[in-house]
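Undergrad: The listed protein sequences derive, respectively, from chains Z and R. So for the first sequence, numbering that gives the first Met the number 0 puts the first residue at 0; every next one is plus one. So for the second sequence, numbering that gives the first Met the number 0 puts the first residue at 0; every next one is plus one.
Where hints are given, some of them may not hold.
Claimed, not checked - Each computed DSSO-like pair below joins lysine-lysine, with the alpha-carbon atoms no more than 27 angstroms apart:
#	chain 1	residue 1	chain 2	residue 2
1	R	Lys225	Z	Lys237
2	R	Lys58	R	Lys225
3	Z	Lys7	R	Lys189
4	R	Lys274	R	Lys189
5	R	Lys58	Z	Lys184
6	Z	Lys184	R	Lys274
7	R	Lys189	Z	Lys184
8	R	Lys189	R	Lys270
None of these hints come from the bench; they were simulated from the model. Quick caveat, the model's predicted, so the values are computed rather than measured.
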Amino acid sequence: MIKRTHFKSSPLPYLLVAPQILITVAFFIWPASQAVYQSMLLEDPFGLKSEFIWFENYVLLFSDEIYFSTFLRTVVFSSLVAFLSLSIALLLAATADHVVRGTRTYRTLLIWPYAVAPVVAGTIWMFIFDPTLGIVSYFLHGIGYEWNHRLNGNQAMALIVLAATWKQISYNFLFFLAGMQAIPKSLIEAAAIDGAGPARRFWTIIFPLISPTTFFLMVMNIVYAFFETLGIVHAVTKGGPAKATEILVYKVFNDGFIGLDLGGSAAQSVILMLIVITLTVIQFRYIERKVEY
Amino acid sequence: MIEKRPLATWFSHTVLILGVAVVAFPIWITFVGASHDAIRMPQVPLPLLPGDQFFINLKAAFVEGVGNAKEQSVGIMMFNSLIMALMIAGGKIAISLLSAFAIVYFRFPFRMIFFWMIFITLMLPVEVRILPTFEVVANLGMLNNYWGLTVPLIASATATFMFRQVFLTVPDELLEAARIDGAGPMRFFKDILLPVSRTNIAALFVILFIYGWNQYLWPLLITTDKSMYTIVMGIKQMLEAAEEAPEWHLIMMTTLLAMIPPVLVVIGMQKLFIKGLTETEK
């Protein structure tokens with residue numbers, strides 16, 4: 000789109016887009032194409048010689064059981080984080096929308112974890128659940144449940160799900176609340192006159208009307224769980240114990256920087272890029288159509 | 000409220016108060032942890048009430064530094080974080096404003112190609128192209144300085160799209176009037192477009208400041224020099240330093256200091272924050 004009235008072509012617009020384009024090419028497009036190229040190379044860890052092997056790295060990946068289980072683990076992790084943070088946020092937003100007094104206060108008290116960095120959130124939860132001195136593991140011990148996320152893979156997974164969910168609730172809450180407050184009050188009142196109680200009004204009016212928001216948040220939450228949780232995993236579990244919390248984005252990082260398997264890591268990067276592109280396209284197509292009732 | 004249902008209202012308040020308590024619990028623990036000394040920390044159970052060492056720990060973190068980053072005081076790490084956050088937020092806004100202006104107000108060859116090139120960056124989070132980007136930065140000699148920390152993160156499709164959206168809603172009459180008065184493109188940009196998109200710029204700044212402050216993986220990879228550590232990655236270095244017996248009281252103090260600036264920004268500029276979040280992402 001362009002304005003009806005606009006300036007004539009001159010060197011000026013090129014100068015104006017130049018910084019953006021330069022940075023995009025140098026730090027986005029060039030590295031991304033490098034990743035695609037590297038994913039087809041077999042390199043020794045010292046980068047001394049390399050051989051072009053087409054799609055062999057991908058073939059290796061897809062036949063690798065470890066990669067497959069990492070993939071499954073990531074799906075489980077993301078679904079858990081998305082489902083938990085969305086449902087908790089939905090409950091909180093619905094109740095905050097329902098109360099007359101205090102909506103703004105509750106909002107202030109609920110939104111600030113958005114500002115906490117993932118790695119900071121991870122550190123705090125790690126402290127709370129520390130097997131020897133954490134406050135929650137102490138109470139769990141008191142009721143006869145032994146907590147040690149350094150040894151127990153399921154507990155480690157539960158801990159990173161908890162930290163990731165805690166951080167994401169505020170984001171979802173804000174969008175849900177904004178969506179609910181945009182619904183005309185007359186609709187709700189009409190339903191109330193017809194005798195529908197709060198729960199019924201929620202499921203038959205509010206929930207269907209905010210479905211575009213819910214869909215948008217689902218995509219955003221999956222993207223968050225796939226990529227932005229790297230800080231949490233890195234600080235809390237380092238993918239352990241025994242790879243129980245190794246998710247895809249952590250594996251890319253780990254294989255590339257620590258394992259120095261450059262070709263394999265690049266192939267994984269390319270697969271992740273394809274996942275993001277797919278998610279973005281789905282989201283754009285959906286936003287254009289919008290769910291309507 | 001539509002009807003009187005005291006039970007539903009009580010239920011709602013109970014749920015909300017529980018929610019607030021659960022959300023705030025980790026922060027309370029952090030605060031309590033930051034206010035005790037090294038002797039109290041390893042004793043089980045950990046305290047639930049704050050101790051009296053808060054300011055002593057604060058001073059220790061600021062003056063002596065913590066763990067692996069011992070020589071590096073928290074104050075310097077916070078300063079680095081601040082510079083990084085400001086450069087990322089300011090840089091992103093500046094280059095996005097300029098490119099959105101060019102795309103909306105000029106007709107020139109390759110306009111749509113540029114538009115799509117910017118659009119692509121939307122799809123490539125830094126995590127998935129981290130290794131090749133690192134190589135580019137290393138080849139440009141930008142390791143261990145503020146340029147390397149910020150410039151690769153500055154290109155932003157979302158900000159460009161938002162400004163494009165804002166500019167498209169600016170009435171055409173404004174441009175016509177400016178032209179009649181003899182204003183050139185840059186004059187129009189500076190005297191008319193910038194003032195009308197003032198609140199959008201501020202809202203975006205809030206979001207981008209938090210984004211910049213919370214960067215983790217990128218600073219972790221490109222800073223090896225302790226004087227360039229940022230506070231968010233510094234915490235990780237502290238945890239690593241003391242795998243055996245972490246100095247939890249100082250780590251918690253640093254954690255608290257790492258989250259105070261962005262949290263204050265969110266709470267203090269709540270209106271702008273919500274505007275920025277809902278408008279850039281949707």
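Undergrad: Within a Cα-Cα threshold of 27 angstroms, do Lys58(R) and Lys225(R) meet the stated pairing?
TA: Within the cut-off at roughly 20 angstroms; holds.
Undergrad: Mind checking the alpha carbons of Lys58(R) and Lys184(Z) for me, to see if they're no more than 27 angstroms apart?
TA: Judged against 27 angstroms, a Cα distance of about 53 angstroms means the pair is violated.
Undergrad: Taken at face value, is the distance from the CA of Lys270(R) to the CA of Lys189(R) at most 27 angstroms?
TA: Since the Cα atoms of Lys189(R) and Lys270(R) sit roughly 25 angstroms apart, the hinted pair holds (cutoff 27 angstroms).
Undergrad: Would the pair Lys189(R) and Lys184(Z) pass a check requiring their Cα atoms to be no farther apart than 27 angstroms?
TA: 42 angstroms, violated
Undergrad: CA of Lys274(R) to CA of Lys189(R), is that 27 angstroms or under?
TA: 23 angstroms, holds
Undergrad: Check the hint pairing Lys7(Z) with Lys189(R) against an upper bound of 27 angstroms on the C-alpha distance.
TA: The hint holds at about 18 angstroms.
Undergrad: If you draw a straight line from the CA of Lys184(Z) to the CA of Lys274(R), is it 27 angstroms or shorter?
TA: Roughly 22 angstroms between the alpha carbons, so the hint for Lys184(Z) and Lys274(R) holds.
Undergrad: Between the alpha carbons of Lys225(R) and Lys237(Z), is the straight-line distance 27 angstroms or under?
TA: Roughly 22 angstroms separates the two Cα atoms, so the pair holds.
Against the hints set out earlier in the document, violations occur for numbers 5 and 7.
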